[in-house]
Amino acid sequence: MNVPLGRPRLLDRLSNQRLILIGCSIFLGLLFLAALAAPWLAPHDPYLVNLAVKLQDPSWTYPLGTDHLGRCTLSRLLYGARVSLGFAVLIFASSLLIGLLIGTLAGYIGGWVDQLLMRFCDGVMAFPSLILVLGLVGIFGPGLKQVIIALMLVQWVYYARMFRGLVMTLKEKNFIAAARVNGSSHWKIFRMHLLPNILPPLLVIGTLEMGWAIMDISAMSFLGLGVQSPGAEWGAMIHEGKSYIRTNPELMIYPGLLIMLVIASFNLLGESLSERFGVNKQSK
Amino acid sequence: MSLLQIKHVSHRYGNQRFLSRQPEQTVLQDVSLTLEAGTCLGLLGRSGAGKSTLGRILLGLERPKEGQVLFEGQDIYQNLSSRQDIQVVFQDSFAAVNPKLTAGQIIAEPLTNFLRLTPDALEERLITLLEQVGLAEADLTKYPHQFSGGQLQRICIARAIATNPKLIILDEAVSSLDMVNKAMILDLLRELKATLGLAYVFITHDVQAAQTLSDRFVILDHGQLVGDYPTLESFTEATDRHVEAIRQAVLATHPRYRTIRK
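From first to last, the protein sequence lines are chains U and E. First residue of the first sequence: 1, per our numbering; consecutive thereafter. First residue of the second sequence: 1, per our numbering; consecutive thereafter.
Next comes chain U alone, as it looks inside the complex (with noise of 0.2 Å):
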């Protein structure tokens, strides 16, 4: 077998797990700045509508041009980062606060709370996520508040496994019986012993988590679920654009470029935090 000498080859390169670490915190860093400070950085309100202004190639006060509405693109882009990420981080909370305190209760207490507790996930896992959402959307109506609150409802399932499969390793540990014997209350144990051990992994999964949020709500926003028009998210801009897809490609390129690029990066720094940590991503 030859062994390369000399200098790395590119792929050895970009799989350089710092590089990726660095550049991908920082690219999200910048775009999670860009989502806070929206109203001051769009150079246009996103939402006028201007006629005489519409399909405009790039220039100088329409960076990225206009839509078919005359809305400057960038303007849209930018608020549309805040509705993404924003709602990607409060599912990704919300589904995990939950997920940590069913699966950490399933896994400590055992016995027929963890059946019950496992059953009904395995229920829910039995379905593609995609179905469950379009089902819950189907019965409660389109709009993003209902979309948020059906991810969060099939999200936290798989955060409530993870950690009952963690907590359920640890639990066997001395130190946890340590622990009881010293006279710690449960919550102390909690608190001290299993929440300090399965944070690393908790971070990973969140991170690749993240990218999923994004583009669930996306997809649904494409699939005019989610954000309603004239509302300014990624997905919805693209289902705006597609009219347009001979004429204006970019309308839809710009959106798909971003999504791709923000899942890409959350995706990488998953995987290289995983790598740092040493935790199986299958385990979830």
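Among the hints, erroneous ones may be present.
[Stated by the list, open to error] Straight-line distance between alpha carbons at most 25 Å, and here's what the computed PhoX-like set of lysine-lysine pairs gives:
#, chain 1, residue 1, chain 2, residue 2
1, E, K65, U, K171
2, E, K100, E, K65
3, E, K100, U, K173
4, E, K65, E, K7
5, U, K173, E, K142
6, E, K182, U, K173
7, E, K166, E, K182
8, E, K65, U, K188
9, E, K193, E, K182
10, U, K145, U, K171
11, E, K100, U, K171
12, E, K65, U, K173
13, E, K100, U, K188
If you are wondering where the hints come from, they were derived from the structure by calculation, not from laboratory data.
Chain U is fixed; fit chain E onto it per the hints.
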């Protein structure tokens, strides 16, 4: 009154699941024992004999299916404040401490649970405890991976004696240490027993280790008490098959040719 009375304790493990039910397995059968304050009971037996289960029951981690355990005349499951008086040292010290905590935090855990100490008094107590087990103040801020197995076992001992208990369960506490560390830890345990008036239940399969520390010896086999030797002499002179079986289970320090019986 005896410090600890174990009265007709039986225990079974059953795997009860949602639909399937596997047959229960008897781990302990009608075990009765008493332990006086300040003495060490050597609890010997081969692996799977139920030694550690008995240890877990004495710690209140598991409740026996039958029988009761009295500590100073009171049922340990009714009177949970007796927990302060019964502590434990486990075999694998690396699994017995949380890897994310410093030595100081590990030893402080029982102290903060049972005693109300000011930060200064707590620190002072921690340093005293470390010195008692032969470690230095500088070790307070170290993490478990920075210690050797023997040092970490000393930290576990410091944690166990932190709240001035009356009884410590030593669950194979020296079994995974090398000969030198084993001898030093045994010395430490004997010293602490004398100075603090501790009683031990020394769970082990190592006859030699048991002989250096214990005042009384009992043998557990298949969950039943099969031998009770009230003194060291009666144990060393005993020749019945249970004692022999346990002696056979440990490799000699200086191996000679051994004939393999067919």
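These are the hints, each one checked on the structure:
The suggested pairing of K65 (chain E) with K171 (chain U) holds, with an alpha-carbon distance near 22 Å, which does not exceed 25 Å. In summary, the hint linking K100 (chain E) to K65 (chain E) is not supported, as the alpha carbons are separated by about 36 Å, beyond the 25 Å threshold. As the CA atoms of K100 (chain E) and K173 (chain U) are separated by approximately 14 Å, the hinted pair is consistent with the 25 Å bound. Only pairs whose Cα atoms come within 25 Å are accepted, and K65 (chain E) paired with K7 (chain E) is accepted, the gap being roughly 12 Å.
Only pairs whose Cα atoms come within 25 Å are accepted, and K173 (chain U) paired with K142 (chain E) is accepted, the gap being roughly 21 Å. At roughly 23 Å between alpha-carbon atoms, K182 (chain E) and K173 (chain U) fall within 25 Å of each other, so this suggested pair holds. The hinted pair formed by K166 (chain E) and K182 (chain E) meets the criterion: a straight-line CA distance of about 23 Å does not exceed 25 Å. A distance of roughly 28 Å separates the Cα atoms of K65 (chain E) and K188 (chain U); the hinted pair therefore is violated under the 25 Å criterion.
Straight-line distance between C-alpha atoms of K193 (chain E) and K182 (chain E) comes to about 16 Å, which keeps the hinted pair within the 25 Å bound. Proposed proximity of K145 (chain U) and K171 (chain U) is contradicted: the alpha carbons are some 38 Å apart, above 25 Å. Restraint check: the Cα-Cα separation between K100 (chain E) and K171 (chain U) comes to about 15 Å, which is no more than 25 Å; the hinted pair holds. For the hint linking K65 (chain E) to K173 (chain U), the alpha-carbon distance of about 24 Å falls within 25 Å, and the restraint holds.
In summary, the hint linking K100 (chain E) to K188 (chain U) is supported, as the alpha carbons are separated by about 15 Å, within the 25 Å threshold.
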